[in-house]
Every structure is written in structure tokens, then in C-alpha cells.
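Go ahead and model the full structure; you've got the sequences and the hints to work with.
Protein chains in written order, with our numbering: chain A, 1 to 149; chain B, 1 to 673; chain C, 1 to 243.
Treat the hints as calculated values from the structure; they're not laboratory data. Values in this document were obtained by computation on a predicted structure and should not be read as measured data. Keep in mind that the hints are not guaranteed to be accurate.
Every beta carbon over 12 Å from chain A, so not counted as near; a handful from chain C, in silico [to be verified]:
{"id": "1", "residue": "5"}
{"id": "2", "residue": "6"}
{"id": "3", "residue": "9"}
{"id": "4", "residue": "10"}
{"id": "5", "residue": "31"}
{"id": "6", "residue": "32"}
{"id": "7", "residue": "33"}
{"id": "8", "residue": "35"}
{"id": "9", "residue": "36"}
{"id": "10", "residue": "40"}
Across the chosen pairs, the derived CB separations fall in these ranges [said to hold, decoys possible]:
{"id": "11", "chain 1": "A", "residue 1": "90", "chain 2": "C", "residue 2": "121", "range": "23 to 31 Å"}
{"id": "12", "chain 1": "C", "residue 1": "125", "chain 2": "A", "residue 2": "124", "range": "24 to 32 Å"}
{"id": "13", "chain 1": "B", "residue 1": "628", "chain 2": "A", "residue 2": "111", "range": "40 to 48 Å"}
{"id": "14", "chain 1": "A", "residue 1": "125", "chain 2": "B", "residue 2": "648", "range": "50 to 58 Å"}
By construction, the Cβ of each residue, glycine as well, lies at the ideal position given by its N, Cα and C atoms.
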Amino acid sequence: MHPEIALLNDFLLVGAALFGVGLIGFVSRRNMIVMFLSVEIMLQGVSLSLAAWGRFHNDFGGQTLVLFIIAVAACEAAIALALILTLFHRRCSLDIAAWHFLREANQPPFRDVPLPEEPAERREPWPRLPPAGVRPETFGEKDKYRPRV
Amino acid sequence: MFDVQTLLILIPVLPLAAALATAALGTRLLRGRSHVPVVTAIALSFVASILLVFQLQERIDERAAQPGSSRAAGVEEVVARWSWINVPDAMPHPVDGRAETPGWGNFNIEVSLRADPLTAVMLAMVTCISMLVAIYSIGYMRGDPGYWRFFAYVGLFVFSMTMLVSASNFLLLYVFWELVGLCSYLLIGFWYERPAAAAAGKKAFLVNRIGDVGFVLGIFLIWTTFGTLDFGGVFQSVGQHAGDWRVTAICLLLLLGACGKSAQFPLHVWLPDAMEGPTPVSALIHAATMVTAGVYMIARCTPLFAAAPDAQYAVALIGGITALLGAVIAITQTDLKRILAYSTISHLGYMFVALGTGTLLGITAGMFHLITHAFFKALLFLGAGSVMHAAGGVIDIRRLGGLRRRLPVTYWTFLAGCLSIVGVVPLAGFWSKDAILLSLHDRSGLFGGGLFEILYLTTLLGVVLIDFYMFRPLFLVFHGQEKIPPEAGDHLHESPGSMTAPLVVLAFGSVVVGAYFEWTHGFAHFLSFTPSFECLAQSGHAAIDTADKWRVATIGSVLTAIGIAAAAMLYLGSGKAVARLARAMNVFGLYSLSYGKFFFDPIYNVLVVWPLLSVARLAAWFDCMAIDSLVDRCGRIPKLAGAALRPAQNGLVQFYALAMVFGVLVLLGIMLM
Amino acid sequence: MTNHQHILTLAVLLGAVGLWLMLPRGGARGRAVGTVLGIVALGLWFSQFHGLGQWTADGMFFVLAAIAVVAAVGAVTSRNPVYCAIWFGLSLLGTAGLLLLAGAQFIAVATVLVYAGAILVMFLFVLMVAQPEGKASCDQMSWEAGVSAAAGIAMVGVLSVAIGGILAPSCPAMPPIAPPTQEELAAGVLDPHQVARLGDELFGRRLIAVEVAGTLLLAALVGAAVIVNQFSGRRHDGQQKTV
Numbered sequence: 001m002h003p004e005i006a007l008l009n010d011f012l013l014v015g016a017a018l019f020g021v022g023l024i025g026f027v028s029r030r031n032m033i034v035m036f037l038s039v040e041i042m043l044q045g046v047s048l049s050l051a052a053w054g055r056f057h058n059d060f061g062g063q064t065l066v067l068f069i070i071a072v073a074a075c076e077a078a079i080a081l082a083l084i085l086t087l088f089h090r091r092c093s094l095d096i097a098a099w100h101f102l103r104e105a106n107q108p109p110f111r112d113v114p115l116p117e118e119p120a121e122r123r124e125p126w127p128r129l130p131p132a133g134v135r136p137e138t139f140g141e142k143d144k145y146r147p148r149v
Numbered sequence: 001m002f003d004v005q006t007l008l009i010l011i012p013v014l015p016l017a018a019a020l021a022t023a024a025l026g027t028r029l030l031r032g033r034s035h036v037p038v039v040t041a042i043a044l045s046f047v048a049s050i051l052l053v054f055q056l057q058e059r060i061d062e063r064a065a066q067p068g069s070s071r072a073a074g075v076e077e078v079v080a081r082w083s084w085i086n087v088p089d090a091m092p093h094p095v096d097g098r099a100e101t102p103g104w105g106n107f108n109i110e111v112s113l114r115a116d117p118l119t120a121v122m123l124a125m126v127t128c129i130s131m132l133v134a135i136y137s138i139g140y141m142r143g144d145p146g147y148w149r150f151f152a153y154v155g156l157f158v159f160s161m162t163m164l165v166s167a168s169n170f171l172l173l174y175v176f177w178e179l180v181g182l183c184s185y186l187l188i189g190f191w192y193e194r195p196a197a198a199a200a201g202k203k204a205f206l207v208n209r210i211g212d213v214g215f216v217l218g219i220f221l222i223w224t225t226f227g228t229l230d231f232g233g234v235f236q237s238v239g240q241h242a243g244d245w246r247v248t249a250i251c252l253l254l255l256l257g258a259c260g261k262s263a264q265f266p267l268h269v270w271l272p273d274a275m276e277g278p279t280p281v282s283a284l285i286h287a288a289t290m291v292t293a294g295v296y297m298i299a300r301c302t303p304l305f306a307a308a309p310d311a312q313y314a315v316a317l318i319g320g321i322t323a324l325l326g327a328v329i330a331i332t333q334t335d336l337k338r339i340l341a342y343s344t345i346s347h348l349g350y351m352f353v354a355l356g357t358g359t360l361l362g363i364t365a366g367m368f369h370l371i372t373h374a375f376f377k378a379l380l381f382l383g384a385g386s387v388m389h390a391a392g393g394v395i396d397i398r399r400l401g402g403l404r405r406r407l408p409v410t411y412w413t414f415l416a417g418c419l420s421i422v423g424v425v426p427l428a429g430f431w432s433k434d435a436i437l438l439s440l441h442d443r444s445g446l447f448g449g450g451l452f453e454i455l456y457l458t459t460l461l462g463v464v465l466i467d468f469y470m471f472r473p474l475f476l477v478f479h480g481q482e483k484i485p486p487e488a489g490d491h492l493h494e495s496p497g498s499m500t501a502p503l504v505v506l507a508f509g510s511v512v513v514g515a516y517f518e519w520t521h522g523f524a525h526f527l528s529f530t531p532s533f534e535c536l537a538q539s540g541h542a543a544i545d546t547a548d549k550w551r552v553a554t555i556g557s558v559l560t561a562i563g564i565a566a567a568a569m570l571y572l573g574s575g576k577a578v579a580r581l582a583r584a585m586n587v588f589g590l591y592s593l594s595y596g597k598f599f600f601d602p603i604y605n606v607l608v609v610w611p612l613l614s615v616a617r618l619a620a621w622f623d624c625m626a627i628d629s630l631v632d633r634c635g636r637i638p639k640l641a642g643a644a645l646r647p648a649q650n651g652l653v654q655f656y657a658l659a660m661v662f663g664v665l666v667l668l669g670i671m672l673m
Numbered sequence: 001m002t003n004h005q006h007i008l009t010l011a012v013l014l015g016a017v018g019l020w021l022m023l024p025r026g027g028a029r030g031r032a033v034g035t036v037l038g039i040v041a042l043g044l045w046f047s048q049f050h051g052l053g054q055w056t057a058d059g060m061f062f063v064l065a066a067i068a069v070v071a072a073v074g075a076v077t078s079r080n081p082v083y084c085a086i087w088f089g090l091s092l093l094g095t096a097g098l099l100l101l102a103g104a105q106f107i108a109v110a111t112v113l114v115y116a117g118a119i120l121v122m123f124l125f126v127l128m129v130a131q132p133e134g135k136a137s138c139d140q141m142s143w144e145a146g147v148s149a150a151a152g153i154a155m156v157g158v159l160s161v162a163i164g165g166i167l168a169p170s171c172p173a174m175p176p177i178a179p180p181t182q183e184e185l186a187a188g189v190l191d192p193h194q195v196a197r198l199g200d201e202l203f204g205r206r207l208i209a210v211e212v213a214g215t216l217l218l219a220a221l222v223g224a225a226v227i228v229n230q231f232s233g234r235r236h237d238g239q240q241k242t243v
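Following this line, the structure appears as C-alpha cells:
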């Protein structure tokens, strides 16, 4: 097989894989940001394919198109993130399933599968320090444990 | 100053303009003065009509003065201003070798008006009565919320009626025939919030529709037979079709139309109900003018009927039956206006009988009676309206009595009308009734005279009956003990001047018009110059014996006198004699028959209305159960389809995306195959 | 069915199962197994690459491809959205490397700049604003993980088959195109001054398109500002904030 065709084949396969993985993310994940991120992965797959085809045809058209994809992706990111923020303000959640009430009337609501009980986190207490210097100011209950990152 | 053509156009156009103006301005500008334009316009039309009569008379005089021309050619003038429909060669030429009229098959309908003596007489009568009734209505309708509407309708009616009588082809005649029917419907149902009035209007419209179907079929047949619808064309060529079955069929169909409009048996049932309308309307439309349209139409179509003797017998027979039927029913009715309505039916029957003789004498007599009848019947109706006005709307003669002193003008004019209608010498009714009797007597001497002999006797019987049914309400309402219904309150008084003045004028007319026409011989002479009657002149008729004349007049007068005397005896005395007579009559069921109006309404209900209603209900049921349910079921298909697809809209973005992915997969798969 | 189709089918099935196991489904069970299965499937799938024979020569390509795809899988499957973003960044770097390999230098750099430098940072920024505590319940639970994994992997499989079919010498759908020779490439896409060539292309032939893209960016800027402003005055319950 001609090496250029082989290269094109490989690139296209990688592009397809990225596209498919992004698709899975978009369909299955419920966090709006992650969904959006998955879309970006899909775009990456397409960009890769275009660049490869451009090389195969020895033409700059493919790269130009990728540039436009990047531009559109930037626009999309701006708009989508603005929308996500707005939606988040409305529902206080990034969960896309929080908007399932927009369904057709008289349809059964989305039932969330109950999460299994997570083991209670072990909260590490503040280390006890020997009294020295000025006593640090404390804030009551809040500083009984170390907050997460 | 005004030539015939201008006058002919002015006569209908003035009332139309007034009607339109009233309709446009009535609610805001005119209100209580809504009568002004209409009354003015009708009065001007009346003047124009009289001028027209004089103009025609002048021409007749010229014609008569010419040496060597007896009365061969009629006098006519046709004005055609506008071609309504013009389809050349609309019908192929006949293949069976029938005679063709000149201009065969050109469907050229012109809005053409004609002036000939028949039309002029009708125009003068219509505008005269309309003017008087319109003036009367000023007082009668005062304060009615629909005041302007009433006068707009009246103006429209006068326009339609004048156009009807001056139309010069069958289609135009039919158009205005329907238009006067519409006016009649509107005016019967004038108080449309009363269910009885609305129902009466509907009934009049529907019954007329039966007659109109006959009329329109007759027009179709005229078109296919003669290839033209113009009066002149048809009447000139009718001689070539003598003995053709088509002419007889045309005449019978036209007769059906005339029966509907002129309330002849068996389509007379609408006229008594039409009395639900305002009384001036009853006087104008349902006594004096519109109902005579049928008579006018048959008189106009004399050449056709002359070519179809069988149809003439039918006209006479129907007229005779109606005359007797109306008289018998009128005897027992208790509603004053209904009595007058049945009297109208009966008198229209007389006119039909006279027309049915098919002689110039008979037709002149019929038209003569039409004119005199218009006067005294309008007078009687307006008198009844005056009584109603005074008695607070009560019209039942059993609840009224002795109003002679309270309503002197009404009483005297009503009396004049009664005397005239029963035919007391020398009032108008006597002359026209005498003319009819004479024509019947004359006709019974010619071929096929047996029928007319019977009709002559029937008419004589009618002369007696009319005394009963006209003097009964007169005696009951105006004589005897004073009975005032509570509806009248304590303000029973004579009607205002705008109402009594027309009464007086009409009473004067009822008294003198007959004698004037008869003595001057003007009427018959004038009318005989109608082009439609030329065919009669050629056929000729038996010379009238002066002895015959005297004999008929004497018999009629004697019978009238006997009738009046008997009526006076019966109704001026105690009620016992009446009751005894009624009981005696009821042995044969006559009284019940008469009181029940020969049960036409129930019979028609059973024969016509119920079957139709049943079919309609069946159709409605079928529509509801079969068609509608089918439609409903079809309508449920999209609903079900929607229900099947609706779960797809579950509000989850991922689901939509997944559906899209599967779609893309399927597409890709197909492309790879 | 040819041999490579068998292998691809197996790879697709294994990949689907593995991804399904790896997706957050309310617990950590089977994630390790899923990872193993995914790696096996990826290996099988890589085995279909035509350039496998030139492993040493093109080793860089495979490393970069593996980074891109594995990182993408990680981005999709991570339970913590922050990790998602970081995995995505890694995937981007892999992609950028691949683009460099394909000879698209400018695109590679632009991708890194725009995506990793701007968009990814924006993601993280929004995440920090919206969900500062890190995990949320919606991240613990995928929606129909099995179905979506099957659909996605089926897509990859179908696309792979399609690519194989299209690039096969006997494909009737494609007109025979002579692949470019190295000399042609050196004079074309792989020109040493290729960034300048790309600029020529962009601001020469594609000038209008570039201008339109710029306008689109401006519109997006305005749009984003408007959208955020429009709703900033409202509270969560949709009522107007009273000042």
C-alpha cells in the first residue's frame, strides 16, 4: 500500500475514534460542561480527518477548514458557556436532566437511578498544636474538619 | 316635459333611491323622519304614473283618430337601457322542425321597461295605494324601533313592484317577482322577535318557493320552446305554436307560480299567516299590490293562455275553488285581519276566474276588479289597523263591540269599504263584480261553457257569502254593545290625521272609482290597447246583450241585498240565531271545516312537512352518526400517532442526541451496503 | 467477512463493554476490568493500522494517537469534571502532535493555543463558578451508559469499516486519485514555508470566508454578553430581583 494512503487511513481511524469517544461522552454524561467537552473531542476528530485529507490532496483547503472549525468552536464555546451559566442560575445544577420537565405533557418524568451510599468520608481533624504564640481565630463549627480541595 | 321613457325610469328609481337613502341614513340622521324620503319618492312616482297614463291615453287617442285602424295594434313603448346578459347563439336550432322566432337562441336579457296600458294601470294603482299606505304608516308605525327599517323596506317593495309590472322579459319579471317575495318576507317578519311573525315569514317564503319553482320551470320551457324570453318575441310567435303541448305546460307552470304569489288554492295557506306583519304591510302587500302580481302575470301572458284553452280552464277552475274556499273559511274566522285575508284570497279567486274566461271582457273585468279591490281591500285593512291601533293591538272581533261612536271616521270608511266590497250599487265593487259576472255569463254561452256556467253560479253563491263574512265583523266590531278590551286602556280614541286621511281618500276611491271607469268606458277602452290583448281582439267575442247586462246586474244586486239583510238579521240580533245556524251547519261538519280552515295546515303538515322533516332528521342522524363519526375517527388517527410518538419527547437532551446517532448509523449503514 | 472485519468486530465489542464498565454508573465496580478490556480493544483496533509494519519509523504517530484516544476516553469517563477537563487537555496535546505529524504546523499550534489556552481554561472557570465542590451527583451516574457506549463504538466501527472500504484500491465510490509524491508534498503542504503558504491561502483565496469567520466571532462575543446579561437580573426561581 502506498505510504500516503496508509497514513491517511491511520489518521482517519484516529479521527473516527475521537469522534466516537466524544459521541459516547455527549450521549451518556449528564454534566453540561462535560457534554460540551465531549463535543469538542468530536470536533478534534473531525479536524484531524480534515488535516489528513488536506495532506492527501496536497492542498491547504483542509487546514483552512480546520482553522474555521477552531473559530466556530471558539464561538460555540462562548455561547454555550454563557447558556450553561444561565441554565445553572436557573436550576442551581449543571445536570442536564434537571431540564427534563421541558418534555411533552403527560410523559413520565426522568427517574434518576438512586446513587449507592458512599462511605462516609473520614474527616481528618485539625492537628493539635501546642499552645504557642497567639491563639488562632476560629470560626466555630466550620473549622472542625478540613474541607475538600 | 316628461316623455314616456323618462317617466318609466323615474317611477321605479325614485323609491329605490329613497329606500337606499333611508337604509343608509335611517339610524343616525333621519330616525323619526325616516318616512320623509320614502313618502316623497312614492308620491312623485304616483304623479309620474298618472302622467304616464295620460301620455298613453294621448297616443291611444291619436291611434283611434287615425282612419281605418280600429284597435288592431296595441300601444307600447319599451325602454332598454342596459343589456344584462348577452350570449349570442346560446341554444341550437330545433331539430323537429318547429317554428323559430326571429332572433332565436340569442340569450339577450336587457333590463328593459315597457309602457303599455296594462303596465300603466298597474303602475298607477301600485303607486297610489303605496303612497296612501305609506302616509298611513307614518301614524301607525310611529314610535316603533324599526321605523326607518319599515320605510326602507316599503321603498324597496315599491321599487320591486313597479319594476315587476314594467319588466319586459320573463327573466326580469322573475327577478322582481322574487324581490317582491323577499320584501314580503322581510315585512311579514318585521317584528322578527315575535316567533309567530318569524314563522309566518318563513312559511310565506317556503310556500312561495313552491310556486316559484313552477314559474322558473315555465321560464325554462319558454326559453326552449320560443328561443327567447322577451315578451314581444314570445307573444308574437305563440300563434305558430297553437296546440303544442309545450304551450299548455308553460301555462300550467306559470299558473303554479301565480298560485303561489296570489295565494290561490292549494298554495293559499301562507297569506292568512302573513297577517303577522304590520297592518299597513298587510294592506299594501298582502291585499292590494303584491298578491295581484299573479293576476298581472296571467293577464300579461294572455297570448300564451289563449293558445292553451286547457290551461285557461285550469285558471278558471282554480280561481273558482279558491273564491268559494276563501269565502267559506272567512265566515267563521274571529281574527279581523284573517277574515280580510281570506276575503282577499277569495277575491283573487274571482280575478282568476275572470282571467280564465279568456275573453277580452273577462280579462278587462279581472283587471278592473284588481283595481277596485286594491282600493277597498286596502281601505278595509287600514280600517282594521285603525281599530287595532285604538284597541291596543286587539283584533279578535269577539272581544270588540260598539266602537262606532268612539271611532267615527274609521267606522264610516270601513262601512264604505264593506258596502263597496259586497257590491252595493253604485259603489266600485258593484261594477267590477258585475263585470266579472257578466263575463262569466257571456263565456258560458261559448264553447266549453259548462264549466263557466258552474263558475257563474259559484260566483253568485260567493256574492251571498261575502255579505256574511264582511258584515259580520262590521256589525260585531262597530255595532251592538260597547266592548273595549283591557289592552286598550282608557285612551280608546280615533287615530291621528295621518291615518284617517288615507282612509278617507281610499273610501272616496272605493266609492267612485268603479262608477267613473264604468260610465266613461275609459278603463276597458284604455286597457284594450295593450299589445298582449291583441290576440283576443282578433278572436272576437259574443256581443253583449243589453238585456243580459241588466239581468246579471239585477241578480247580483238582489242577491247582495238578500245577503246583507240576512247578515243584519243574524249579527245585529242576539247571538242565538248565529249559534243555531252554526249548530245546524255543523250537522254536515261544515262549521268545523270552515273554522278549521278546511284543515289545510294539518294536512300539509302530514303530507309535506312531516315527511320532509323525517327525511331531514334521518339525514341529520346519518350525518351525525355516520359521516361525523367517520370524520371524528379520522381525526383520531393523528392523535393516536401523536400519542405513539410523544414518549420520544421526554425532555432529555441525551435521548435526542442518541436518536440522532442511531439515525446517522442507519444512514451510514445504508450507504455502506 | 474478511479477517480484518472479524478483528474489528471483536475490538468494537470489547471496546463497548470496556467503555460501559468504565463509565460512572454509581460505583467503582468493574472500572479496572473495563480499563483492561478497553486497552485490549484499542490494541486490537490498532492492529488494523496499515502502518503497523513500520513501527519504528512511525512510532511517534502511534504514541500520539494512543495518547489522544486514551486521553479522550479518560475525559469522557472521569467522574470528576475537573479531571475530565485535564484529560481533555491531554487529548488535545495528542491531537496537536498528530496534526504536526500531518504537516499542519500552524493548525497544531492554533489548536493548542485556542483550545488548551482559551476554551479549556474557560471550562475550568465555569466549573469553578458553578460546581466548586467538585463532584456532583449527576457526574456519578451516566445516562444509559450501555446504550450510549454501544452506539458510540458502533459509530467507530462503522466509520472504520467505511474508511477501510473507501481507501481500498478497488473502491468504486472513489475515483482513483494518485497519492502525492514526496516531491509534490514538499512543494505543497509540506513546504518549509508552509505557514506563509497557509497565510497566502487564507488571506487570498479564502479572504471572504475569513472575514465571515471574524464576524461570526464578533457576533458570538456580543451574543454571549447579551445572554449572560439578559438573565443576570433574575433569580433562580425566575422572579425579578428586587433591589
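Status of the hints after comparison with the structure:
Listed as a non-interface residue, residue 5 of chain C keeps its Cβ farther than 12 Å from every Cβ of chain A; the least gap is roughly 14 Å. With a cut of 12 Å on Cβ distances, residue 6 of chain C stays outside the contact zone with chain A, its closest approach being about 17 Å. With a least beta-carbon separation of about 15 Å from chain A, residue 9 of chain C lies farther than 12 Å from that chain, consistent with its non-interface assignment. The beta carbon of residue 10 of chain C sits about 16 Å from the closest Cβ of chain A, which is more than 12 Å, so the claim that it is off the interface holds.
The claim that residue 31 of chain C is not at the interface with chain A holds, since no C-beta of that chain comes within 12 Å of its own (minimum 14 Å). With a minimum CB-CB distance of about 18 Å to chain A, residue 32 of chain C clears the 12 Å threshold, and the non-interface call stands. Against chain A, the non-interface label of residue 33 of chain C holds: every CB pair exceeds 12 Å, the least being about 18 Å. No Cβ of chain A comes within 12 Å of the Cβ of residue 35 of chain C; the nearest lies about 14 Å off, and the non-interface call holds.
Against the 12 Å criterion, residue 36 of chain C stays outside the reach of chain A, whose nearest CB is about 17 Å from its own CB. For residue 40 of chain C, the shortest C-beta to C-beta distance to chain A comes to about 15 Å, beyond the 12 Å cut-off, and the non-interface label holds. Residue 90 of chain A and residue 121 of chain C have their C-beta atoms about 25 Å apart, which keeps the hinted 23 to 31 Å range intact. About 29 Å separates the C-beta atoms of residue 125 of chain C and residue 124 of chain A, a value consistent with the hinted range of 24 to 32 Å.
Look at residue 628 of chain B against residue 111 of chain A: about 42 Å separates their beta carbons, and that is inside 40 to 48 Å. Taken as a hint, the range 50 to 58 Å holds for the pair residue 125 of chain A and residue 648 of chain B, whose Cβ atoms sit roughly 53 Å apart.
Every hint from the earlier list agrees with this structure, and none is contradicted.
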